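Undergrad: Residue numbers (full-length UniProt numbering), protein chains in the order written: chain A, 1 to 340; chain B, 1 to 340; chain C, 1 to 340.
Honestly, I wouldn't trust all of these hints.
Dumping the calculated DMTMM-like pairs for lysine to aspartate or glutamate here, alpha-carbon to alpha-carbon at most 20 Å [to be verified]: (1) 311/A / 316/C; (2) 292/B / 251/B; (3) 82/A / 251/B; (4) 311/B / 316/A.
Residues on chain B that point at chain A, a partial pick, calculated with CB under 8 Å [unchecked claim]: (5) 82; (6) 115; (7) 305.
Calculated from the model, a selection of chain B residues having no Cβ within reach of chain C, i.e. all distances over 10 Å [claimed, not checked]: (8) 32; (9) 60; (10) 131; (11) 136; (12) 170; (13) 177; (14) 229; (15) 231; (16) 233; (17) 248; (18) 255; (19) 301; (20) 335.
Keep in mind that the hints were calculated from the coordinates and are not lab data. Fair warning: this is a prediction, and the values are worked out from it, not measured in the lab. The beta carbon of each residue, even a glycine, is placed where N, CA and C say it ideally should be.
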Amino acid sequence: GKMWKIKYPNRAERYDRGCCHSCLHYVLDYETPKTLVIQSKAVGFVFRFTQLLVILYVVGYVCVVQKGYQETDSVISTVTTKVKGFAYSNTSDLEHRFWDVADYVIPPQGDHSFFVLTNIIVTPNQTQSRCPELPTPSSICTADCDCTEGHSDPRSNGIQTGLCVNYSDTQQTCEVLRWCVISHVHAMLAAAENFTVLIKNSVTYPKFKFHRRNIMPQINSSYLRRCEFNRITDPDCPIFRLKHIVSEAGEDFQSMAVKGGVLGILIDWSCDLDWWAGKCYPKYSFQRLDNKNPNNSVAPGYNFRFARYYKTPDGEETRTLIKGYGIRFDVIVFGTVRPE
Amino acid sequence: GKMWKIKYPNRAERYDRGCCHSCLHYVLDYETPKTLVIQSKAVGFVFRFTQLLVILYVVGYVCVVQKGYQETDSVISTVTTKVKGFAYSNTSDLEHRFWDVADYVIPPQGDHSFFVLTNIIVTPNQTQSRCPELPTPSSICTADCDCTEGHSDPRSNGIQTGLCVNYSDTQQTCEVLRWCVISHVHAMLAAAENFTVLIKNSVTYPKFKFHRRNIMPQINSSYLRRCEFNRITDPDCPIFRLKHIVSEAGEDFQSMAVKGGVLGILIDWSCDLDWWAGKCYPKYSFQRLDNKNPNNSVAPGYNFRFARYYKTPDGEETRTLIKGYGIRFDVIVFGTVRPE
Amino acid sequence: GKMWKIKYPNRAERYDRGCCHSCLHYVLDYETPKTLVIQSKAVGFVFRFTQLLVILYVVGYVCVVQKGYQETDSVISTVTTKVKGFAYSNTSDLEHRFWDVADYVIPPQGDHSFFVLTNIIVTPNQTQSRCPELPTPSSICTADCDCTEGHSDPRSNGIQTGLCVNYSDTQQTCEVLRWCVISHVHAMLAAAENFTVLIKNSVTYPKFKFHRRNIMPQINSSYLRRCEFNRITDPDCPIFRLKHIVSEAGEDFQSMAVKGGVLGILIDWSCDLDWWAGKCYPKYSFQRLDNKNPNNSVAPGYNFRFARYYKTPDGEETRTLIKGYGIRFDVIVFGTVRPE
Chain A
1 GKMWKIKYPN RAERYDRGCC HSCLHYVLDY ETPKTLVIQS KAVGFVFRFT QLLVILYVVG
61 YVCVVQKGYQ ETDSVISTVT TKVKGFAYSN TSDLEHRFWD VADYVIPPQG DHSFFVLTNI
121 IVTPNQTQSR CPELPTPSSI CTADCDCTEG HSDPRSNGIQ TGLCVNYSDT QQTCEVLRWC
181 VISHVHAMLA AAENFTVLIK NSVTYPKFKF HRRNIMPQIN SSYLRRCEFN RITDPDCPIF
241 RLKHIVSEAG EDFQSMAVKG GVLGILIDWS CDLDWWAGKC YPKYSFQRLD NKNPNNSVAP
301 GYNFRFARYY KTPDGEETRT LIKGYGIRFD VIVFGTVRPE
Chain B
1 GKMWKIKYPN RAERYDRGCC HSCLHYVLDY ETPKTLVIQS KAVGFVFRFT QLLVILYVVG
61 YVCVVQKGYQ ETDSVISTVT TKVKGFAYSN TSDLEHRFWD VADYVIPPQG DHSFFVLTNI
121 IVTPNQTQSR CPELPTPSSI CTADCDCTEG HSDPRSNGIQ TGLCVNYSDT QQTCEVLRWC
181 VISHVHAMLA AAENFTVLIK NSVTYPKFKF HRRNIMPQIN SSYLRRCEFN RITDPDCPIF
241 RLKHIVSEAG EDFQSMAVKG GVLGILIDWS CDLDWWAGKC YPKYSFQRLD NKNPNNSVAP
301 GYNFRFARYY KTPDGEETRT LIKGYGIRFD VIVFGTVRPE
Chain C
1 GKMWKIKYPN RAERYDRGCC HSCLHYVLDY ETPKTLVIQS KAVGFVFRFT QLLVILYVVG
61 YVCVVQKGYQ ETDSVISTVT TKVKGFAYSN TSDLEHRFWD VADYVIPPQG DHSFFVLTNI
121 IVTPNQTQSR CPELPTPSSI CTADCDCTEG HSDPRSNGIQ TGLCVNYSDT QQTCEVLRWC
181 VISHVHAMLA AAENFTVLIK NSVTYPKFKF HRRNIMPQIN SSYLRRCEFN RITDPDCPIF
241 RLKHIVSEAG EDFQSMAVKG GVLGILIDWS CDLDWWAGKC YPKYSFQRLD NKNPNNSVAP
301 GYNFRFARYY KTPDGEETRT LIKGYGIRFD VIVFGTVRPE
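Chain A on its own, in the form it takes in the complex:
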């Protein structure tokens, strides 16, 4: 039962011929292993079953589960946010003051990162002028010769003028040139926890020409006007109450509002575009991103200083310095889409 005519040359004969001819022989010789055919049903069954397992692994695990055949693409995303709500501060300092979006959202653009003021220390009517330093070991003086004109200590707040002046009835400190502080007023926006934010997020996967947004097609406008995100009852609503976001991240809004912090709103767009994989929708999660109670912290929480500049009727520049504590919300979009 042989299919091929086989000639067994002996070694000597092969090497006797010309080199080229001999090489060609080697190149065109086809070696195949001799095989035994074992006609046992038991052995054959075990053998084919093993083959089946290998095929199932390749098709089932590598192709279907791991989708080894698929390319992936990272997300290109755009986010706009719009905060709503107003607050009313009634601390004795700032009398009754009303705060709306243009007052407490910084910057106002509604980008993927927005900041909501919750706690404010205002220093109004600052002018550039000369005033005594706060008393510290290096600023206390007894005569002008203790102060050096033009000297600026990084730990102080201004440039010394060279004079030693009265800070209080009992203390003298060096005079400095700076934005002088007359008084501080303090306000807390406790109502900020009830502000809501609408997050609009569109994602694009350029390689797959795939475009999707977080407001799903089945949601209608009247629902959007009154809904509020809740993981169980309203998981698709893009309007979030700030207090709810913070508590989902395991924090308490009012205690976070005092010192400020950074809170991440994570939108996970990990999607599978295979037809059997169901629809592609965003999954929201919330997480505090700064460190709450570290043992080793400088400047815990989140705050920054900014100023509003005014001119007095006689043309002098004054400013109101605001040290604002608050919560920065960072909308972070991630995920990998697998194409159809």
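Once you've looked at the hints, dock chains B and C against the given chain A.
TA: Just chains B and C, lined up with the frame of chain A:
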């Protein structure tokens, strides 16, 4: 013609010896399949040709086309943008008003995301004071007892003072504490379509110490001073006319300017650093990133409120509230470089 | 010594039976190559040694070095920055002026990208009014008929009113409506090189529930209050002197301060979470991201224009236009963590 001396021990003999010795035998036995050498040129040719195809596939497809041998690295990019142009609003409301870059680009820094004002509703001279609510079912009142001091309805715009006051000759509404509105003025910056933006983009692939910018080395300064991006005639010019960007994205500038929107300027740096792959240059594309005409939208378009704060000569704070509609341009840089 | 009973059917016999029976035979036939067992210790040793090398390669290189068994995850990062320091400009123009954080950091939020003013051209007291154009070939005129009302040349700075007015004693130019410029003042903040910035960076790898921050647990608060980053002596300190950052990037602060630029602070979180890989800590590097001295540049350096708006006592709006040159610091976080 055997090269090795082979001894066929019978099974019994092998197991008779000490276990260790027997094990060692198994470990050092070398099994090799018996092979047939078929000396047929036809068969040999088919065999070698098949081998050649496999080698060509590995070298040609896996190595050259897919570059399976290459590592890839994601891009680290920096973008600066600079808008130029001015506009002139001559609606009856705002008399003749001139707008330059410092007026209409927000924020001014020229980051990877910049916003150009196109449509403005200005509410000047707001002061914190008491004024009647707009008439709604919940704000209309007939006597003071209909209004609750300190009550703030999220759908209203302020905190009730507890008084019921005249809104018009025929209607009474609750008085609220808020930034009171005297009048609105409206302006449209139609000339914004002719603004230009210079985009400077540098990319770095830290793993490959590769650095490139979107202003190609062969471009000279005099060309840069007068050029304008055009996919066909000037594909390398980094100066873009806003109207052109918007129309490349398939939109009309003037209709997008009314409600605002978000437009992506996509810079694709997918590069191949193999020497035969030619130079590495950025490919620009433009795409509207927000949803234009959804059936289910809240707050369609793109706008935000911001305020400028002033002080009156007697020290009272007033503000000008601006509701700005416009186009946010997001420069999105992506791409994977394959190293040399 | 045969383990299986083998029947060698001849071809004719097999094809004589029914097709199905014959097929089943083929399906359940088990083919195994005939092997030679060569009992030579030398050959066996070479053979097993080669096998050992293959196993060592797979375990040692693929699994341990390349960690082919590991999944990787990209970093989600949050950055807050806080600049400290003050400067004093004593150019004759702006008299003595003091600058603190609220004056020179733009935007004030302390995001991953912050800008420090180093060189300022201030144009105070601009009002919207009519003034002669700067003399250029297209703006010089001899009579009103040379100027067209409503015409705006993109290269000019305003909209023509149609009048030809005196620019100087010898020249007449068209009058335009614009923010008129009275004078410029110039200031340089040389002390900016001694400002320090505290960078707080938290990273999260959502797939691995791994969270880490750049302030390492072993650092205590008193160290943080006085330390300053230095690659050799203080590599873990998160407080950076601006001059040091710029010089690590191979640039000179004072020369970069004149025209401005963009400087990247790269934080590399490439980590290996295998237990033997040691702790995971950030590696800082610094790099200038814009092009320093290109042959072909438009608008070299980094600057932008912004305005502060004021109202005069009689309600007219004025603005102070500031053209600010400075250094934008972009904190760029990258890296891939490999899980435990």
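Undergrad: None of the hints should be skipped; say for each whether it holds.
TA: Taking the hints in turn, this is what the structure says about them:
no. : hint          : in the structure
1   : 311/A / 316/C : 12 Å, holds
2   : 292/B / 251/B : 9 Å, holds
3   : 82/A / 251/B  : 24 Å, violated
4   : 311/B / 316/A : 12 Å, holds
5   : 82            : 18 Å, violated
6   : 115           : 6 Å, holds
7   : 305           : 5 Å, holds
8   : 32            : 5 Å, violated
9   : 60            : 25 Å, holds
10  : 131           : 20 Å, holds
11  : 136           : 33 Å, holds
12  : 170           : 33 Å, holds
13  : 177           : 23 Å, holds
14  : 229           : 13 Å, holds
15  : 231           : 20 Å, holds
16  : 233           : 19 Å, holds
17  : 248           : 21 Å, holds
18  : 255           : 23 Å, holds
19  : 301           : 24 Å, holds
20  : 335           : 15 Å, holds
In the structure shown, a violation is registered for the earlier hints numbered 3, 5, 8, in ascending order.
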